[in-house]
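*Asks:* Here is how the chains run, residue by residue.
Protein chains: 2
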Amino acid sequence: MSAKIYVVGLGPGDRKDMTLRCLDALEESEVIIGYSKYIELIKQYYGHKKLVTSPMKKEVDRCIETINTALSDGGKTVALISSGDSGIYGMAGVLLETADKMKFEGEIEIIPGVTSLCASASILGAPVVHDFAVISLSDLLTPLSIIEKRLRLAAEGDFVIGIYNPKSKKRTEYVDMAVDIILKHRSGKTPVGIVRNACREDETCTICTLDTLKEQHIDMFSTIIIGNSQSYESLGKIITPRGYKFD
Amino acid sequence: MSAKIYVVGLGPGDRKDMTLRCLDALEESEVIIGYSKYIELIKQYYGHKKLVTSPMKKEVDRCIETINTALSDGGKTVALISSGDSGIYGMAGVLLETADKMKFEGEIEIIPGVTSLCASASILGAPVVHDFAVISLSDLLTPLSIIEKRLRLAAEGDFVIGIYNPKSKKRTEYVDMAVDIILKHRSGKTPVGIVRNACREDETCTICTLDTLKEQHIDMFSTIIIGNSQSYESLGKIITPRGYKFD
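Protein chains in written order, with my numbering: chain A, 260 to 506; chain B, 260 to 506.
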């Protein structure tokens with residue numbers, strides 16, 4: 260019996276931003292399971308394997324299916340994929356929780372990837388570089404009051420702020436809320452970057468300011484990076500100085 | 260004239276955790292420049308290229324050398340390497356700042372990588388998964404008062420906290436300071452992970468609690484991840500629940 264589960268972070272999406280360990284794990288796996296959009300990203304390379312798509316908001320079911328598949332036929336190697344890094348709002352947590360509850364005794368290997376903050380930052384220039392906070396605006400699993408509190412404290416601490424899941428079809432007003440909270444602690448001139456589909460063919464990138472962020476096109480495929488008090492824009496890039504001295 | 264600079268995040272260090280884009284850039288580069296420890300990591304694969312090592316605390320000089328090398332002999336392709344992701348406490352910022360000041364007009368491509376938070380988290384289980392803050396304890400470029408303030412606000416906001424550069428040979432007492440600040444807002448039983456040389460051959464991993472963090476062996480190659488109020492330890496892994504419901 261050798262049941263093995265790889266929890267794989269694909270990175271932003273393009274094959275070139277996947278790590279060798281990610282590619283080796285996909286190659287070794289007999290079955291690859293993931294949300295349909297992520298299966299779509301890798302289908303062209305792994306069409307010869309069993310690919311199982313699973314709907315959004317069914318993350319626990321997806322983990323149960325992953326574990327049951329790994330346990331089937333005397334043991335299989337299965338990859339459970341997320342985009343970005345599997346441990347940042349990804350599947351690593353819920354898979355470990357499910358494995359605990361199901362008393363799964365096979366092997367689990369979590370494979371890190373390039374998270375969207377890093378991918379988006381690389382396109383915007385160097386907006387992070389210093390201390391930062393990452394906050395998801397999705398209130399599916401987190402009370403709104405906690406999201407508001409974290410936005411306030413991150414703004415007060417002058418952290419660079421990365422915002423994941425800024426909008427969904429039903430949830431459109433939280434970016435405006437975030438702007439209002441952050442503006443209490445940070446200048447309206449603070450540079451802000453919005454990257455949609457980072458490092459993919461249809462990538463778009465916009466640089467604006469906190470004052471104009473509400474007017475921008477933002478959707479569920481966007482990541483937002485808000486500079487700290489030292490960040491500036493130069494030649495179409497956002498730079499947050501680390502503090503090096505130039506003569 | 261075609262001067263090109265790749266600012267490359269190598270990931271945690273092992274070749275298997277590098278992305279294809281990182282490997283392609285290293286292959287294409289005629290010269291690879293970096294802090295000696297990072298050149299050491301890739302030397303075995305790129306010994307046939309010109310490898311230039313540069314000391315720590317000479318980051319601006321390293322960027323000037325990178326730019327001058329790219330501009331030499333009618334234009335060269337040069338890789339400036341960091342470990343982890345080049346945009347998170349990496350070389351992307353200082354390179355762009357230097358390029359601005361030197362009015363460098365060649366091409367610059369920033370290649371993201373797996374940052375230490377993600378690499379360390381994958382070894383510890385799933386300690387991040389929810390909103391998080393990353394703080395460097397190095398006061399070389401940041402006033403201590405700002406570091407203290409950010410620790411306090413991140414603790415108050417119940418962010419998972421990633422700590423980079425927790426100690427150096429000269430700076431040994433800041434982890435204790437961080438523990439004292441965070442304990443004002445978080446239980447002493449909060450699980451904490453310490454990963455040294457994540458994803459390398461000599462990787463070590465320790466799980467303790469906030470109450471026992473001061474007693475642990477920590478050095479400049481360690482990354483610390485402090486759970487939030489919901490994090491727990493199970494079967495030798497740290498799990499921070501995202502909030503999924505199990506029947």
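Worth flagging that the hints you see were computed from the coordinates, not collected in a lab.
There's no promise every hint is true.
Since copy identity is lost for identical chains, a pair holds within one copy or between any two.
Stated by the list, open to error - Listed next, the in silico EDC-like pairs over lysine to aspartate or glutamate satisfying Cα-Cα at most 16 angstroms (straight line):
no. : residue 1 : residue 2
1   : K408      : D439
2   : K316      : D506
3   : K426      : E364
4   : K504      : E364
5   : K360      : E492
6   : K504      : D398
7   : K429      : D470
8   : K443      : E415
9   : K309      : D332
10  : K473      : E299
11  : K408      : D470
This one's a predicted model, so the numbers in the text were calculated from it and none came from an experiment.
*Asks:* Please go over all the hints and tell whether each is borne out by the structure.
*Replies:* Status of each hint after checking the structure:
1. Taking the shortest Cα distances, K408 and D439 sit within 16 angstroms of each other inside one copy (13 angstroms), while across copies they are farther apart (22 angstroms).
2. In this assembly of identical chains, K316 and D506 lie within 16 angstroms of each other by CA distance solely across copies; the values are 14 angstroms between and 54 angstroms within a copy.
3. In this assembly of identical chains, the alpha carbons of K426 and E364 never lie at most 16 angstroms apart, being 38 angstroms within a copy and 37 angstroms across copies at closest.
4. Proximity of K504 and E364 under a CA criterion of 16 angstroms is satisfied in neither setting, with 53 angstroms inside one chain copy and 22 angstroms between copies.
5. When the C-alpha separation of K360 and E492 is checked against a cutoff of 16 angstroms, the pair qualifies only between copies, where the shortest distance is 14 angstroms, while the shortest distance within a copy is 49 angstroms.
6. For the homomeric pair K504 and D398, the shortest alpha-carbon distance between copies (14 angstroms) is at most 16 angstroms, but the shortest distance inside one copy (42 angstroms) is not.
7. In this assembly of identical chains, the alpha carbons of K429 and D470 never lie at most 16 angstroms apart, being 24 angstroms within a copy and 43 angstroms across copies at closest.
8. Taking the shortest Cα distances, K443 and E415 sit within 16 angstroms of each other inside one copy (8 angstroms), while across copies they are farther apart (18 angstroms).
9. Within a single copy, K309 and D332 get their C-alpha atoms as close as 14 angstroms, which meets the 16 angstroms cut-off; across copies the closest is 52 angstroms, which misses it.
10. Proximity of K473 to E299 under the C-alpha cut-off of 16 angstroms is found in neither arrangement, the shortest distances being 31 angstroms within a copy and 47 angstroms between copies.
11. In this assembly of identical chains, K408 and D470 lie within 16 angstroms of each other by CA distance neither inside one copy nor across copies; the values are 21 angstroms within and 26 angstroms between.
In terms of the numbered hints stated before, the structure departs from hints 3, 4, 7, 10, 11, listed from lowest to highest.
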